[in-house]
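Enquirer: Sequence:
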Amino acid sequence: MDDALILGDYDFNVPSDKKNKSFDPKKLLLPIKKAEKRLMFLQYQTWQRLVGNKLVIAPVSFKSNERILEVATGAGFWMLDFAVTLPRTVTLHGVDRSSRHFPKQHPENVSFSTCAATALPFSWQDYFDFVHQRFLSLSLTLYEWKAALAEIHRVLKPGAWVQIGEVYPAFPSGEFGSKQKALFYAMSQSRGLDLDIPLQLSEHLSSVGFVNVSVEESAGECGSEYGSQGKGNKGRMLAVTKSMKAEVIRAGGFGIVNSKKEFDEMVKGLEKEYDQCESRIRFFTCIAQKPLPANSP
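The letter at position 138 of the sequence shown is residue 138 when you use the UniProt record's numbering, and the numbering goes up by one with no holes.
Check the hints yourself; a few may be wrong.
Claimed, not checked - Within a straight-line C-alpha distance of at most 35 Å, the following computed DSBU-like cross-link-like pairs (lysine-lysine) qualify:
#1 Lys157 with Lys181
#2 Lys104 with Lys54
#3 Lys104 with Lys231
#4 Lys272 with Lys261
Since the hints were made in silico from the structure, they are not lab data.
Work out the full structure: start from the sequences and follow the hints.
Expert: Here you go:
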């Protein structure tokens, strides 16, 4: 596998229509050579395991004819799992910039369509009873991220809840981990992305008008001493770092590494530091509520 990703489904911004001029792949933090649906499923499984297999943590229950939206649905794994727990009279709809991963078979109350997270249909104003979004912060610039949150706020019914999941990468606390972290931040900043969004979810949701905001954090340890999961997390972080090499070198190393050789030495050092120094991939789940009108009972 050429591009093993751990921070999320970075294919969200790839349009199915090549004529879509708004998509700029240079804005993504990590280069993508090909989509890997199996990898997306492994990412989903990893997340679910670390959050105790909970699909929803918001204080909600669903009645007949209520509507659920998933933004940046990818292959729809979350929706398909959630659908089997709900009455068939509850509808679930997933949107993504690309339709390439949409499942060909799904329950009748599940549907999919393509659109940008930053421009949901105007007709969806106050339309949904619950919105779910996950793994999107590093596919959007900071401006686009704020716009996407504002769109979620717009399409939710007053009093309804949103649930957002994001991941913060693991950097070992050694010499090479410090370089790795600096490169991640330098590359994200050069593309207008904000690596700290997962650490600031509550502030971002409050800023667009949500209330009753709370965050739950889970973590996945990296390193061989933590068994197969620790080895897997270490391997994914190393793969993400390696996939950035060409872009880092083209940018002159961002003043952090001066050559391909120095980059390779950093990666070799990271292989040891992930086993010797503590590091954790951090998973954040944030829930928030769209307030009711001031004059509502």
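Enquirer: If you draw a straight line from the CA of Lys104 to the CA of Lys231, is it 35 Å or shorter?
Expert: Roughly 33 Å separates the two Cα atoms, so the pair holds.
Enquirer: Holds or violated: Lys157 and Lys181, Cα atoms, limit 35 Å.
Expert: Distance of about 40 Å is beyond 35 Å: violated.
Enquirer: So if I understand the rule, the pair passes when the alpha-carbon distance is 35 Å or less; does Lys104 with Lys54 pass?
Expert: holds (25 Å)
Enquirer: Straight-line Cα separation of Lys272 and Lys261 no greater than 35 Å?
Expert: holds (17 Å)
Hint 1 from the list above is the single one not met by this structure.
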